[in-house]
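Asks: Please put together the full structure from these sequences, using the hints given.
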Amino acid sequence: MGKLTEITQWEDDIYQLETSDPVVGGPDGVSNKPQKQLANRTQWLKQQLESTSDALAEHAKSRNHPDASLTAKGFVQLYSGVMSDSEILAATPKAVKIAMNNANSRLAKDRNGADISNKPLFVQNIGALPAEGTAVAANRLASRGALPALTGTTRGNDNGLIMGEVYNNGYPTPYGNVLRLTGTGDGEILIGWSGTNGAPAPAYIRSHRDSADAEWSEWAMFYTSLNPPPVPPDLNPVGSAIAWPSDNIPAGYTIMQGQTFDTSAYPLLARAYPSGVIPDMRGWTIKGKPASGRAVLSQEMDGNKSHTHTARALDTDLGTKSTSSFDYGTKGSSSGGGHVHEFGSYVNSYWGDSNHTSFLTGGGAWTKVAGDHTHTTWIGPHGHTMYIGPHGHVVIVDAEGNVETTVKNIAFNYIVRLA
Numbered sequence: 052m053g054k055l056t057e058i059t060q061w062e063d064d065i066y067q068l069e070t071s072d073p074v075v076g077g078p079d080g081v082s083n084k085p086q087k088q089l090a091n092r093t094q095w096l097k098q099q100l101e102s103t104s105d106a107l108a109e110h111a112k113s114r115n116h117p118d119a120s121l122t123a124k125g126f127v128q129l130y131s132g133v134m135s136d137s138e139i140l141a142a143t144p145k146a147v148k149i150a151m152n153n154a155n156s157r158l159a160k161d162r163n164g165a166d167i168s169n170k171p172l173f174v175q176n177i178g179a180l181p182a183e184g185t186a187v188a189a190n191r192l193a194s195r196g197a198l199p200a201l202t203g204t205t206r207g208n209d210n211g212l213i214m215g216e217v218y219n220n221g222y223p224t225p226y227g228n229v230l231r232l233t234g235t236g237d238g239e240i241l242i243g244w245s246g247t248n249g250a251p252a253p254a255y256i257r258s259h260r261d262s263a264d265a266e267w268s269e270w271a272m273f274y275t276s277l278n279p280p281p282v283p284p285d286l287n288p289v290g291s292a293i294a295w296p297s298d299n300i301p302a303g304y305t306i307m308q309g310q311t312f313d314t315s316a317y318p319l320l321a322r323a324y325p326s327g328v329i330p331d332m333r334g335w336t337i338k339g340k341p342a343s344g345r346a347v348l349s350q351e352m353d354g355n356k357s358h359t360h361t362a363r364a365l366d367t368d369l370g371t372k373s374t375s376s377f378d379y380g381t382k383g384s385s386s387g388g389g390h391v392h393e394f395g396s397y398v399n400s401y402w403g404d405s406n407h408t409s410f411l412t413g414g415g416a417w418t419k420v421a422g423d424h425t426h427t428t429w430i431g432p433h434g435h436t437m438y439i440g441p442h443g444h445v446v447i448v449d450a451e452g453n454v455e456t457t458v459k460n461i462a463f464n465y466i467v468r469l470a
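Under this note's numbering, think of the first position of the sequence shown as 52, with each following residue one higher.
A hint or two may mislead.
[Unchecked claim] Simulated restraints, written as ranges between beta carbons of each label pair: (1) Ile461 to Gly196: 47 to 57 Å; (2) Pro117 to Arg157: 32 to 42 Å; (3) Asp136 to Ala159: 17 to 27 Å; (4) Gly196 to Pro280: 33 to 43 Å; (5) Ala159 to Gln98: 53 to 63 Å; (6) Gly221 to Gly339: 39 to 49 Å; (7) His358 to Ile300: 35 to 45 Å; (8) Thr305 to Glu266: 41 to 51 Å; (9) Gly243 to Pro301: 33 to 43 Å; (10) Arg260 to Met134: 55 to 65 Å; (11) Ala159 to Glu101: 53 to 63 Å.
[What the hints assert, rightly or not] Below are the DMTMM-like pairs computed for lysine to aspartate or glutamate, each with C-alpha atoms no more than 20 Å apart in a straight line: (12) Lys97 to Glu109; (13) Lys124 to Glu109; (14) Lys338 to Glu455; (15) Lys459 to Glu351; (16) Lys148 to Glu138; (17) Lys148 to Asp136; (18) Lys112 to Glu101; (19) Lys356 to Glu455; (20) Lys340 to Glu351; (21) Lys338 to Glu351; (22) Lys356 to Glu451; (23) Lys356 to Asp449; (24) Lys338 to Asp353; (25) Lys340 to Asp353; (26) Lys382 to Asp423; (27) Lys459 to Asp353; (28) Lys124 to Glu138.
No lab work stands behind these hints, which were simulated from the structure alone. Even for Gly, the Cβ is constructed at its ideal location relative to N, Cα and C.
Replies: Here is the structure:
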């Protein structure tokens with residue numbers, strides 16, 4: 052029995068003894084071949100291990116260590132920070148702890164915000180609307196303040212549905228709120244809602260004041276061309292004279308022209324006109340009944356209120372006017388004038404004044420007849436002046452006006468409701 056010879060060699064295959072192999076000993080015998088090959092491998096591995104160990108020991112003594120990279124192995128330096136972009140430094144547990152704490156403070160995508168501790172503050176910080184509460188929320192429209200009136204070419208700058216305030220800004224009402232819907236495409240804005248049977252469904256609106264005890268108003272319906280309002284009842288009082296601007300009288304009415312009517316067929320009209328006769332309003336106007344002196348439906352003929360007039364012609368000073376001039380030439384007078392005088396004497400009294408003087412006739416003594424003569428009168432060209440001073444005249448006021456007393460007017464037909 053001798054020692055197995057070993058060589059430093061890597062054996063690729065290890066021989067397997069077969070049942071048909073004879074037992075052959077010796078260095079090259081079949082019986083020793085597997086053991087020999089295994090021993091060779093062991094020897095080779097021992098040599099490689101010693102060589103590697105020596106190389107590592109030598110390398111450890113030197114400073115020639117390659118740095119690790121993304122493509123090659125090597126030595127790395129530890130780093131506790133978390134802000135570096137280096138790809139050759141290695142993170143320490145401290146750096147990993149900082150990163151983990153930072154990650155734990157971040158939002159988890161699969162939590163949908165459920166891991167946010169102060170949700171209202173978070174919503175406020177990002178400028179979003181809360182999902183609930185009494186203030187403006189995501190499911191309620193936020194007021195955009197006073198909006199310009201939707202007139203002329205004014206357009207909204209925001210697409211979608213927004214709410215704003217009126218506040219004397221050109222709308223039909225001075226105060227209130229406005230909903231403005233701006234489409235993102237061309238064409239009309241259509242608002243649809245569902246009905247149970249496909250028929251046009253009515254829309255309603257109601258409102259109330261913003262006080263705590265205010266109650267809602269009654270519902271008001273929106274009417275459309277497919278949902279028209281019902282025909283309103285005729286609210287004109289039966290018997291009232293209604294001014295109608297057409298000769299085409301509407302159904303249920305008749306023109307007021309003094310005709311009779313069937314009081315049993317129109318009982319309400321009979322209450323106004325128990326006589327069964329509709330007043331003839333053609334050419335007549337309506338006057339409020341005075342406090343006294345008139346009965347309802349009594350007639351009053353046209354006329355003016357009793358009054359007086361004053362008339363005066365303007366005073367005119369015509370001054371002094373001249374007449375036309377005439378030349379009458381020389382004119383003669385008829386002869387005549389012959390006469391006699393009786394004479395006597397006066398006897399003066401003692402006092403010598405006329406009061407004590409007496410006339411004594413001559414006792415038939417007369418003077419001689421004398422005195423017949425003629426005259427010539429020259430009337431040459433001459434004129435006369437006539438003074439016409441301030442004076443007045445009698446003025447006659449002539450009749451003027453229409454055949455009847457009236458005022459400016461427009462002709463309407465008076466009609467009355469039949470009921």
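Asks: The structure should be examined with respect to each hint, and the outcome stated for every one.
Replies: Hint check:
1. Ile461 to Gly196: 47 to 57 Å: holds, 50 Å
2. Pro117 to Arg157: 32 to 42 Å: Holds, since Pro117 and Arg157 (Cβ atoms, about 37 Å apart) stay within the stated range.
3. Asp136 to Ala159: 17 to 27 Å: holds, 26 Å
4. Gly196 to Pro280: 33 to 43 Å: About 35 Å separates the Cβ atoms of Gly196 and Pro280, which means 33 to 43 Å holds.
5. Ala159 to Gln98: 53 to 63 Å: holds, 56 Å
6. Gly221 to Gly339: 39 to 49 Å: At 43 Å between Cβs, range holds.
7. His358 to Ile300: 35 to 45 Å: At 41 Å between Cβs, range holds.
8. Thr305 to Glu266: 41 to 51 Å: holds, 46 Å
9. Gly243 to Pro301: 33 to 43 Å: holds, 38 Å
10. Arg260 to Met134: 55 to 65 Å: holds, 60 Å
11. Ala159 to Glu101: 53 to 63 Å: For Glu101 against Ala159, whose Cβ atoms are near 54 Å apart, the range 53 to 63 Å holds.
12. Lys97 to Glu109: Distance of about 18 Å is within 20 Å: holds.
13. Lys124 to Glu109: Holds. Lys124 to Glu109 sits at ~19 Å (cutoff 20 Å).
14. Lys338 to Glu455: Between Lys338 and Glu455 the Cα gap is close to 17 Å, so the pair holds against 20 Å.
15. Lys459 to Glu351: holds, 19 Å
16. Lys148 to Glu138: The hint holds at about 19 Å.
17. Lys148 to Asp136: The hint holds at about 18 Å.
18. Lys112 to Glu101: Holds: Lys112 and Glu101 sit about 17 Å apart, inside 20 Å.
19. Lys356 to Glu455: holds, 13 Å
20. Lys340 to Glu351: Roughly 11 Å separates the two Cα atoms, so the pair holds.
21. Lys338 to Glu351: Holds, at roughly 10 Å.
22. Lys356 to Glu451: Between Lys356 and Glu451 the Cα gap is close to 16 Å, so the pair holds against 20 Å.
23. Lys356 to Asp449: OK: Lys356 and Asp449 at ~19 Å, within 20 Å.
24. Lys338 to Asp353: holds, 12 Å
25. Lys340 to Asp353: holds, 16 Å
26. Lys382 to Asp423: holds, 18 Å
27. Lys459 to Asp353: holds, 15 Å
28. Lys124 to Glu138: Holds, at roughly 13 Å.
In terms of the numbered hints stated before, the structure departs from none.
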